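Using the sequences plus the hints, can you model the full thing?
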Amino acid sequence: MELYESLKALVTAGEPVTIWQRLYVYIYQAFIYKDRWKQYLNGVQTTLYVTAIALLIGIVLGLIVATVRTAHDQQRPGHKNFFLGVINFIFNIYVTVIRGTPMMVQLMIMGFVIFASSKDFALVGALTLGINSGAYTSEIIRGGLMSVDAGQMEAGRSLGLGYTDTMRFIIVPQAVKAILPALGNEFIVLLKDTSLISVIGGKELIYAARGVISRTYEAMFPFLGAAAIYLVLVMLFTWLLGIFERRLRASDRR
Amino acid sequence: MIVVKNLCKKFGELTVLNNVSEHIHPGECVVIIGASGSGKSTFLRCLNLLEEPTSGEILFDGVSITDPKTDINKMRQKMGMVFQHFNLFPNMTILKNLTLAPVRTGLMNKEEAEKKALELLTRVGLQDKANAYPAQLSGGQKQRVAIVRALCMQPEVLLFDEPTSALDPEMVGEVLDVMKTLARTGMTMVVVTHEMGFAREVASRVIFLDDGVIAEQGTPAEIFGAPKSERLRSFLSKVL
Numbered sequence: 016m017e018l019y020e021s022l023k024a025l026v027t028a029g030e031p032v033t034i035w036q037r038l039y040v041y042i043y044q045a046f047i048y049k050d051r052w053k054q055y056l057n058g059v060q061t062t063l064y065v066t067a068i069a070l071l072i073g074i075v076l077g078l079i080v081a082t083v084r085t086a087h088d089q090q091r092p093g094h095k096n097f098f099l100g101v102i103n104f105i106f107n108i109y110v111t112v113i114r115g116t117p118m119m120v121q122l123m124i125m126g127f128v129i130f131a132s133s134k135d136f137a138l139v140g141a142l143t144l145g146i147n148s149g150a151y152t153s154e155i156i157r158g159g160l161m162s163v164d165a166g167q168m169e170a171g172r173s174l175g176l177g178y179t180d181t182m183r184f185i186i187v188p189q190a191v192k193a194i195l196p197a198l199g200n201e202f203i204v205l206l207k208d209t210s211l212i213s214v215i216g217g218k219e220l221i222y223a224a225r226g227v228i229s230r231t232y233e234a235m236f237p238f239l240g241a242a243a244i245y246l247v248l249v250m251l252f253t254w255l256l257g258i259f260e261r262r263l264r265a266s267d268r269r
Numbered sequence: 129m130i131v132v133k134n135l136c137k138k139f140g141e142l143t144v145l146n147n148v149s150e151h152i153h154p155g156e157c158v159v160i161i162g163a164s165g166s167g168k169s170t171f172l173r174c175l176n177l178l179e180e181p182t183s184g185e186i187l188f189d190g191v192s193i194t195d196p197k198t199d200i201n202k203m204r205q206k207m208g209m210v211f212q213h214f215n216l217f218p219n220m221t222i223l224k225n226l227t228l229a230p231v232r233t234g235l236m237n238k239e240e241a242e243k244k245a246l247e248l249l250t251r252v253g254l255q256d257k258a259n260a261y262p263a264q265l266s267g268g269q270k271q272r273v274a275i276v277r278a279l280c281m282q283p284e285v286l287l288f289d290e291p292t293s294a295l296d297p298e299m300v301g302e303v304l305d306v307m308k309t310l311a312r313t314g315m316t317m318v319v320v321t322h323e324m325g326f327a328r329e330v331a332s333r334v335i336f337l338d339d340g341v342i343a344e345q346g347t348p349a350e351i352f353g354a355p356k357s358e359r360l361r362s363f364l365s366k367v368l
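Those protein sequence lines, which keep their order, are chains H and E. If you count the first sequence from 1, position 26 lands on 41 in our numbering, and the numbers rise without skipping. If you count the second sequence from 1, position 139 lands on 267 in our numbering, and the numbers rise without skipping.
Derived from the structure by calculation, the hints contain no laboratory data. Remember, it's a predicted structure, so these values are computed and weren't measured experimentally. Be careful, since some hints might not be right.
Stated by the list, open to error - Non-contacting residues of chain H with respect to chain E, defined by C-beta distances greater than 10 Å in every case (computed):
#1 27
#2 36
#3 37
#4 59
#5 234
#6 238
Said to hold, decoys possible - The following label-pair restraints were derived from C-beta to C-beta distances:
#7 H:133 - E:142: 54 to 60 Å
#8 H:89 - E:263: 24 to 30 Å
#9 E:259 - H:216: 57 to 63 Å
#10 E:263 - H:161: 17 to 23 Å
#11 H:47 - E:263: 53 to 59 Å
From the three backbone atoms N, C-alpha and C, an ideal C-beta is built for every residue, glycine too.
Shown next as C-alpha cells:
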C-alpha cells in the first residue's frame, strides 16, 4: 500500500521510474487498490447470471421453434395443418429478423426503446441475448434433426409408429449427438456476447473494467484482466462440455 | 387384399407411375421386376403411403388408405416393410428394435413382445444377437433382423424394397432363404428385386414394370419362359 502510494506519486509526477515499478503501479491500481478486484468479481457474477438466463431462454425458444418448423416441413403433402402453418410463418420471421440484425442493435432497441423505463439492465440484456440465442439454437436443433437419415423416419412410420413416437424414440436420440457440440459452441459465443450488454448499462465484467479505467485513466490492464477472465471461463466450460459429451458417447455403444 | 386403382405418381414434371391398376390377393408372393427408373420402388412405397400418390386410389382390406380421413398409422401396422438399406435403429439393441413398435402401438405388452421377438430371432438364427447393436451385425444379419422387425407387428402383408441390393454377394443367400421360408408359410408378399432366381422359384406372379406402366405380367413360367413384349425380352436378356 505504502509502496504503491510512493511509486504512484513518482509516476504521476513524471519522475523516471523503472518499467517494473510502472507495471507494479498499473497492476496494483487496476486490481488491488481499494479492493477493485471485487468489482471484477461482481462483474463476473452478472456475466454468469446473464449467460445462464439467456441460455435457458435460448434453449426453450430454440426447442419450440425447431419443433414447429421441423414438424411443419415434414407434413405429408396435401395434409398441411393451417394452424401449424401460421405459427411456422411467425417463427420464420423471428429467425430471419434475429439472424439478420446485429446483436448490438437488438440490445439497443430492447434497452433504450422497448424497456426504456426498466432499471434492471442485466435482466433486459439477458432477455435480449436469450431471444437472439433462440434463433440460432433453433437452427442448430433443426439441423441436427435433419441430419438423421430419412430412412429412419420411414422405418419408424412403416412400422405404424406415429410421427411423435418416431421423433421421440428414433430421431431425437440420434440427433442429440449432432446437436450437442454445436450447442456447446453456441453457449461459448453467448458467454462472450454478454460483454455487449454493458452498452445498455448491464453491470457485467466489461462494465466493471470500464469503471476502473474511468478512475485510473489506464485501459490496458483492466481490459487484459477482463480478457483473461473470459478466456479462463471459456476454457473451463469447454472442459466441462468435453466431459459431458464423452459421458454421452460412453452410454451409446456403436 | 390390396387394390390399386388408376395410381399415378409424378415428381414435378416427371411421371413415374402412369395409371397403374393392380390387385394383390392374400397369400400371393408378387415379384415386381423392371429396369431402374421404371417405377418399381415408387409403386411399392405408394402401397403404404411412404410416397403420396398424385392421383388414384389404394384400398387395403376394403379401406381406402389414400383417403385423408383414414388413420394411416393403423393401416401401416398391418403392412410391414423391409428396406434396401435395412434402416435399423442404431441407437437401440436388436431386441429394442424389434419390440419398440409392438409395445408402443399397444399390440403387445413388453413381455409378450420380447417373447415373440426372441422366438422370431431364433427362427432366423440370430437369437444370440438380441442384446447386440445394429452396428455389430453384418449386412445379411441386419436385413434378417429388419425382416423380423416387420414380422413382430404380425402384419398381413410384407413389402420388400430391393432387400438384397445393398448386400455383399455372399450374404444374399441367407436373406433370400428367410424370404422363401416366409413365402412358403403363406405370407402375402410384394417384392421389388433384381434377383430373377428368387422370382422364378418363389413368385406366384411376376409383374414387369416399364416406364411407369405394367407392361406384362404372369406366372414365372410365362414371364421367363415366354415373354411376349420386345421390352421384356430385351430386359431379360440383360439381367439373365
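Status of the hints after comparison with the structure:
Under the 10 Å C-beta cut-off, the non-interface status given to residue 27 of chain H relative to chain E holds; the minimum distance is some 67 Å. For residue 36 of chain H, the requirement that its beta carbon stay farther than 10 Å from each beta carbon of chain E is met, with the minimum near 64 Å. Once the 10 Å rule is applied to beta carbons, residue 37 of chain H is consistent with being away from chain E; the minimum gap is 61 Å. With a least beta-carbon separation of about 39 Å from chain E, residue 59 of chain H lies farther than 10 Å from that chain, consistent with its non-interface assignment.
Distance check for residue 234 of chain H against chain E: the nearest CB is about 52 Å away, which clears 10 Å, and the non-interface claim stands. No Cβ of chain E comes within 10 Å of the Cβ of residue 238 of chain H; the nearest lies about 47 Å off, and the non-interface call holds. At about 58 Å, the CB distance of residue 133 of chain H to residue 142 of chain E agrees with the hint of 54 to 60 Å. Taking 24 to 30 Å as the suggested C-beta distance range, the pair residue 89 of chain H and residue 263 of chain E conforms, at roughly 26 Å.
Separated by about 59 Å at the C-beta atoms, residue 259 of chain E and residue 216 of chain H satisfy the suggested range of 57 to 63 Å. Between residue 263 of chain E and residue 161 of chain H the beta carbons are some 22 Å apart, a value that agrees with the proposed interval 17 to 23 Å. Between residue 47 of chain H and residue 263 of chain E the beta carbons are some 58 Å apart, a value that agrees with the proposed interval 53 to 59 Å.
The structure fails none of the hints (numbered hints given earlier).
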